[in-house]
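Residue numbers (the numbering used here), protein chains in the order written: chain A, 1 to 510; chain B, 511 to 847; chain C, 848 to 1008.
Among the clues, some could well be false.
Said to hold, decoys possible - With the Cβ distance kept under 10 Å, some of the chain A side facing chain B (calculated, not the full set):
id: 1; residue: 4
id: 2; residue: 7
id: 3; residue: 131
id: 4; residue: 189
id: 5; residue: 290
id: 6; residue: 412
id: 7; residue: 491
Stated by the list, open to error - Anything over 12 Å on all C-beta distances counts as not near chain C; from chain B, calculated:
id: 8; residue: 579
id: 9; residue: 592
id: 10; residue: 601
id: 11; residue: 766
id: 12; residue: 810
id: 13; residue: 822
Stated by the list, open to error - Only pairs whose alpha carbons sit at most 20 Å apart, straight line, appear in this in silico EDC-like list of lysine to aspartate or glutamate:
id: 14; chain 1: A; residue 1: 491; chain 2: A; residue 2: 226
id: 15; chain 1: B; residue 1: 606; chain 2: C; residue 2: 927
id: 16; chain 1: B; residue 1: 843; chain 2: A; residue 2: 226
id: 17; chain 1: B; residue 1: 733; chain 2: A; residue 2: 353
id: 18; chain 1: B; residue 1: 798; chain 2: B; residue 2: 627
id: 19; chain 1: B; residue 1: 780; chain 2: B; residue 2: 823
id: 20; chain 1: C; residue 1: 869; chain 2: B; residue 2: 823
id: 21; chain 1: A; residue 1: 244; chain 2: A; residue 2: 294
id: 22; chain 1: C; residue 1: 869; chain 2: A; residue 2: 200
id: 23; chain 1: A; residue 1: 223; chain 2: C; residue 2: 927
id: 24; chain 1: C; residue 1: 967; chain 2: C; residue 2: 927
id: 25; chain 1: B; residue 1: 841; chain 2: B; residue 2: 692
id: 26; chain 1: B; residue 1: 606; chain 2: B; residue 2: 636
id: 27; chain 1: B; residue 1: 807; chain 2: A; residue 2: 353
id: 28; chain 1: A; residue 1: 352; chain 2: A; residue 2: 3
id: 29; chain 1: B; residue 1: 633; chain 2: A; residue 2: 294
id: 30; chain 1: B; residue 1: 843; chain 2: B; residue 2: 691
id: 31; chain 1: C; residue 1: 876; chain 2: A; residue 2: 226
id: 32; chain 1: B; residue 1: 845; chain 2: B; residue 2: 692
id: 33; chain 1: B; residue 1: 746; chain 2: B; residue 2: 794
id: 34; chain 1: B; residue 1: 780; chain 2: B; residue 2: 819
id: 35; chain 1: B; residue 1: 834; chain 2: B; residue 2: 819
id: 36; chain 1: B; residue 1: 733; chain 2: B; residue 2: 749
id: 37; chain 1: C; residue 1: 876; chain 2: B; residue 2: 844
id: 38; chain 1: B; residue 1: 830; chain 2: B; residue 2: 691
id: 39; chain 1: B; residue 1: 843; chain 2: A; residue 2: 294
id: 40; chain 1: B; residue 1: 834; chain 2: B; residue 2: 662
Rather than coming from a laboratory, the hints here were simulated on the basis of the structure.
Each residue gets a CB set at the ideal place from its N, CA and C atoms; glycine is no exception.
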Amino acid sequence: MIEGMQAAFLLLFQHGNIIWILLGTFFGLIYGVLPGLGGVAALTLLLPFTFGMGTNSAIFLFAGVMGAVPFGGSISAILINTPGTPTNAATCLDGYPMTQRGEAGKALGISATSSALGAVVGIIILIILMPVLRFIVLLFGPPEFLMLILFGLASIIVASKGNMVKGLLSGAIGIMLSFVGASLITGMPRYAFETNYLWDGIKIIPLMIGLFAISEILTLASKGSESIVDLNVGKISTGSQVFKGVAAVFENLGVFFRGSAIGTLIGLIPGVGGAAANFISYSTALQVSKNPQEFGKGSVEGVIAAESANNAKDGGALIPTVAFGIPGSAEMAVLLGAFILHGLVPGPALLKDHVEIVWIIIIALVLSNLLAAVIGLFFARYLCKIALTPVYYIIPVVAVLCYVGVFVMHRSIFDVVVAVIFGFVGFGLRRHGYSVITLTIGFILGRLAEVSFHQSLMMGYNNYLIFFQRPLSLALFCFFVIILIFPIVRKFVSSNKVPAQKEIRQSGSE
Amino acid sequence: MQKKSNPLVKLFHFVLTLLLIIPAVFLLSSASSAESFPQRPISFMLPGGPGGGFDTYTRALARFMPKHLPREVNIVAVNMPGAGGKVCTSYIYRSKPNGYTIGFFNQPGTVVTELLERNPGYKVREVTWLGTVATVTYVMLVPGSSNIKTLEDLKKLGRPVKFGSNGFGQTDFLIDILASEEMGIPFVMVTGYTGSAAVMVAALRGDVDAMSYPISSALPNIKSGDLRPIILLGDKRSDILPDVPTSTELGFPNVANFASMYRMVGGPPKIPGSIKNVLAGALEKTIKDPEVQAWSKKANRPLNFINVDKTNEIADSMFKTFQKYLDTIKKHKEKLN
Amino acid sequence: MKRKSIYFSAAVFILVVLYWLKTFSYGPKSRLVPLIISSAGIFFSAVTLLTEFSPKIASRLEMHLFKTGDSFSNEPGNKESSRNLLFVAVWLLGFLGLTFVFGYFASIPVALLFFLRYFKKQSLITCILTTSVVFVFIYAMFTMLMGYPLFEGVFFGGILM
Chain A
1 MIEGMQAAFL LLFQHGNIIW ILLGTFFGLI YGVLPGLGGV AALTLLLPFT
51 FGMGTNSAIF LFAGVMGAVP FGGSISAILI NTPGTPTNAA TCLDGYPMTQ
101 RGEAGKALGI SATSSALGAV VGIIILIILM PVLRFIVLLF GPPEFLMLIL
151 FGLASIIVAS KGNMVKGLLS GAIGIMLSFV GASLITGMPR YAFETNYLWD
201 GIKIIPLMIG LFAISEILTL ASKGSESIVD LNVGKISTGS QVFKGVAAVF
251 ENLGVFFRGS AIGTLIGLIP GVGGAAANFI SYSTALQVSK NPQEFGKGSV
301 EGVIAAESAN NAKDGGALIP TVAFGIPGSA EMAVLLGAFI LHGLVPGPAL
351 LKDHVEIVWI IIIALVLSNL LAAVIGLFFA RYLCKIALTP VYYIIPVVAV
401 LCYVGVFVMH RSIFDVVVAV IFGFVGFGLR RHGYSVITLT IGFILGRLAE
451 VSFHQSLMMG YNNYLIFFQR PLSLALFCFF VIILIFPIVR KFVSSNKVPA
501 QKEIRQSGSE
Chain B
511 MQKKSNPLVK LFHFVLTLLL IIPAVFLLSS ASSAESFPQR PISFMLPGGP
561 GGGFDTYTRA LARFMPKHLP REVNIVAVNM PGAGGKVCTS YIYRSKPNGY
611 TIGFFNQPGT VVTELLERNP GYKVREVTWL GTVATVTYVM LVPGSSNIKT
661 LEDLKKLGRP VKFGSNGFGQ TDFLIDILAS EEMGIPFVMV TGYTGSAAVM
711 VAALRGDVDA MSYPISSALP NIKSGDLRPI ILLGDKRSDI LPDVPTSTEL
761 GFPNVANFAS MYRMVGGPPK IPGSIKNVLA GALEKTIKDP EVQAWSKKAN
811 RPLNFINVDK TNEIADSMFK TFQKYLDTIK KHKEKLN
Chain C
848 MKRKSIYFSA AVFILVVLYW LKTFSYGPKS RLVPLIISSA GIFFSAVTLL
898 TEFSPKIASR LEMHLFKTGD SFSNEPGNKE SSRNLLFVAV WLLGFLGLTF
948 VFGYFASIPV ALLFFLRYFK KQSLITCILT TSVVFVFIYA MFTMLMGYPL
998 FEGVFFGGIL M
């Protein structure tokens, strides 16, 4: 293992590989910022160009791209409420309100810092677990995944605080939307109106762009705002704010580490990890925070939680990818395809025979994350000007970017139709007190929860008790219950303390 | 000459000339288009997303095929995942038969989908076949730690054998149910895994008892002891696994009829013969290209070319075979629901 | 505001019921989980609808309409912002329709020019300049650099998929 690391470091300084990391970072940032595009699009575009390069250089390039995309997406999430990729959606929830308050610089500072450091933590966890990667992947079967997902779904309850019924309703609607399409288990197309388009379900990118970006366009119009920043606030974002944001991360290390850990853990669930990780981290932060009422209005904790998770997830996603060749995310799938095209066979043998490849990925991911963050910090003060741009420029330009970006992913004009529909739906939801957060969580997790549920039953010959018969599954279930009742217990404990304090004061004053 | 007849005569000559020129232009252009094919980039469609099985084959072909064409043009790999392959297949089927749109067809998936669905959007037997790029033989495997060593062990497990597979309609799913029915193995399906790697991990975990896997993909895992092959689903023993009995040897010759996957390349119906020959020839030369062969060995992506005529035969017989098994497939679809 | 909420909540309720009904047409395994979730959905949307009719129930259930993190309280919409909203809504749909029929190359310049000119009257020069910049950026970025074909529109033979 150490030899692999040394080999990779040596390779870093050969063949101009540093240039490839730089190029990858650049590409990743651009593809991250533009709504609708993302890591998969970037990697697929670059694939043919890498044929002439050495395999190692190609991997430096790809991992460089993957490292920069999340932060790129955060930039548009913070500035224009447009998640550049689905994994940036939770950043919109508090990053954009910060921009609206004139604190865009601070938000960008927080994002850059927690992104870069979050990725590092994710990678450190990966490195620590390297000797036991196989064991970890084998630990999680369908029942365990279901428990993890339930934990994620529990965050619907958490995020519904203050308006339980509408929050839970939105969550249920999100789950219902995720069932559209052919069931992976039975092959039966559901709610698809007999079309090929809906056979694979509602796609997440058009849904998110609609719910977040296009609904915000409508919201800006309906509020009659002059610009994104509410000019009554009086504060205008400046460069010094950026460093306040950086400092804020270090003032909230608990949130940061929790977010990174959750990001890595959820990231290792193949298929859904990335998009879910940032929401679950956000909800957990909301659940345990001492200032929950700040969330949604520009809470520093909210941004840190979302951002650290969405970069740490890459560390988690690498675990099944590297251990067994099971792609932990869509980008990992393209990465594995790139391996094959360059003659590397993914699977358990990769760790044994080509461990330096894994280290190349690690080094490139870390470097590009750091580089992207530095670039972001440097340009932050200029990017903030977007928040001051008049709304009559913002609306049409963002609309055009969204309409084009959503289309090019799958060359489907119906994707744009879906995005616009959900733009109106999202606007309606926000206006009438429903929750876009819980809907999104439900949508991301619903389908996979159902598949894991049915798989678990099939495995156990329809034994519904299977979830409680496997040790890890049982443990996760208990943890899930504990998290749910945590705030109730906390309230109970603190209300018991109050009478005791009263007594002390009374006795003290006598 | 009288003034009145002059314009009429001129008109008559004009029309006559047109009637002669227009067909000539058509003839010339179609002849020249065949001779001058290709003139612009060719789209090579594939029924999967980036990083998947067909994706890597397509990109490898797209890289090496242009130089085997009479005129070197770009071949662009176009991902068209969706609806279990229907989107891609129907797109190719509906395209203009001018040779600029071709693509991969997943057999038997394409055939089964056409038989099961009301409006698949294509007719497999009308496709212009250009050749087969690879034939995938499947083996039935159990985890290395399992006690099962033979077909008899599988049957005598005492409980239905749990087969892990991808979702309904995928090749390994079809093979699992048809082979088990044919060979008399009592079984239940555990489906919904995305990717054979995930199925293998399920087997290692003990969540499922058995699975079907392409022989070349399974080989590294057999060598490492993670998986043990029980039966090779086909006619002939394989050189790479000489000790594994075939389903035919064990007394079930029918299995060989359906248990292979073919990566066929084709285009829309009625591509002109000359264009078809150019494409088929280029495909064959590409597969036999030493650089491509080298990649194939290194990346463990086997290639075994089958020419146009044989491909036509196989496609037709596949259709007939699966028509016979349609009821069994439908029965299991009901059961799964 | 209350009145508008009723329509929205009623629409949600109806859609959830339709979903629930459709679920019965699927096989037992296919409909198991959707049935559970949509039943919960019916329950929640029925309760929500009920509270729209009677604010007393709302306060009993401690339902505060606008306290979820990402919803915003509605200032009494003045005439200008209603007009703005209508304009943008129609513009979004029009832009989509234009793209669907005629493709991006036609729809982007037309939609941008129209918006800049009529949303908040800009000088002709500003409109044309901004439109050109955006159009060139989109073209350079997506078509030239990235090589993605932009939708040609049904009229020009774009394929729907």
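Okay, the hints, checked on the actual structure:
1. 4: With a closest approach of 19 Å, the residue 4 of chain A hint is violated.
2. 7: violated, 20 Å
3. 131: violated, 17 Å
4. 189: Residue 189 of chain A check passes; min Cβ-Cβ to chain B is 9 Å, inside 10 Å.
5. 290: Hint violated; residue 290 of chain A Cβ to chain B Cβ min 40 Å, cut 10 Å.
6. 412: holds, 9 Å
7. 491: Not OK, violated: residue 491 of chain A not within 10 Å of chain B, min 40 Å.
8. 579: holds, 21 Å
9. 592: With a cut-off of 12 Å, residue 592 of chain B comes too close to chain C, as the shortest Cβ separation is near 8 Å.
10. 601: Since the minimum Cβ distance to chain C is about 7 Å, residue 601 of chain B lies within 12 Å and the statement is violated.
11. 766: holds, 32 Å
12. 810: Correct as stated: the minimum Cβ-Cβ distance to chain C is 30 Å, above 12 Å.
13. 822: Nearest chain C Cβ is 28 Å from residue 822 of chain B, so the label holds.
14. A:491 with A:226: violated, 42 Å
15. B:606 with C:927: violated, 52 Å
16. B:843 with A:226: Not satisfied, since the Cα-Cα distance of roughly 58 Å exceeds 20 Å.
17. B:733 with A:353: holds, 14 Å
18. B:798 with B:627: This hinted pair is violated, its Cα atoms lying about 37 Å apart.
19. B:780 with B:823: Answer holds: residue 780 of chain B to residue 823 of chain B is near 17 Å, not above 20 Å.
20. C:869 with B:823: violated, 43 Å
21. A:244 with A:294: holds, 18 Å
22. C:869 with A:200: Satisfied, since the Cα-Cα distance of roughly 18 Å is no more than 20 Å.
23. A:223 with C:927: Roughly 9 Å between the alpha carbons, so the hint for residue 223 of chain A and residue 927 of chain C holds.
24. C:967 with C:927: Answer holds: residue 967 of chain C to residue 927 of chain C is near 11 Å, not above 20 Å.
25. B:841 with B:692: holds, 14 Å
26. B:606 with B:636: The given pair, whose Cα atoms are some 14 Å apart, holds under the 20 Å limit.
27. B:807 with A:353: holds, 16 Å
28. A:352 with A:3: Holds, at roughly 12 Å.
29. B:633 with A:294: Roughly 59 Å separates the two Cα atoms, so the pair is violated.
30. B:843 with B:691: Answer holds: residue 843 of chain B to residue 691 of chain B is near 14 Å, not above 20 Å.
31. C:876 with A:226: The given pair, whose Cα atoms are some 52 Å apart, is violated under the 20 Å limit.
32. B:845 with B:692: Between residue 845 of chain B and residue 692 of chain B the Cα gap is close to 17 Å, so the pair holds against 20 Å.
33. B:746 with B:794: violated, 24 Å
34. B:780 with B:819: holds, 15 Å
35. B:834 with B:819: violated, 23 Å
36. B:733 with B:749: holds, 14 Å
37. C:876 with B:844: Holds, because 10 Å separates the two Cα atoms, which is no more than 20 Å.
38. B:830 with B:691: holds, 18 Å
39. B:843 with A:294: Not OK: residue 843 of chain B and residue 294 of chain A at ~51 Å, beyond 20 Å, violated.
40. B:834 with B:662: violated, 26 Å
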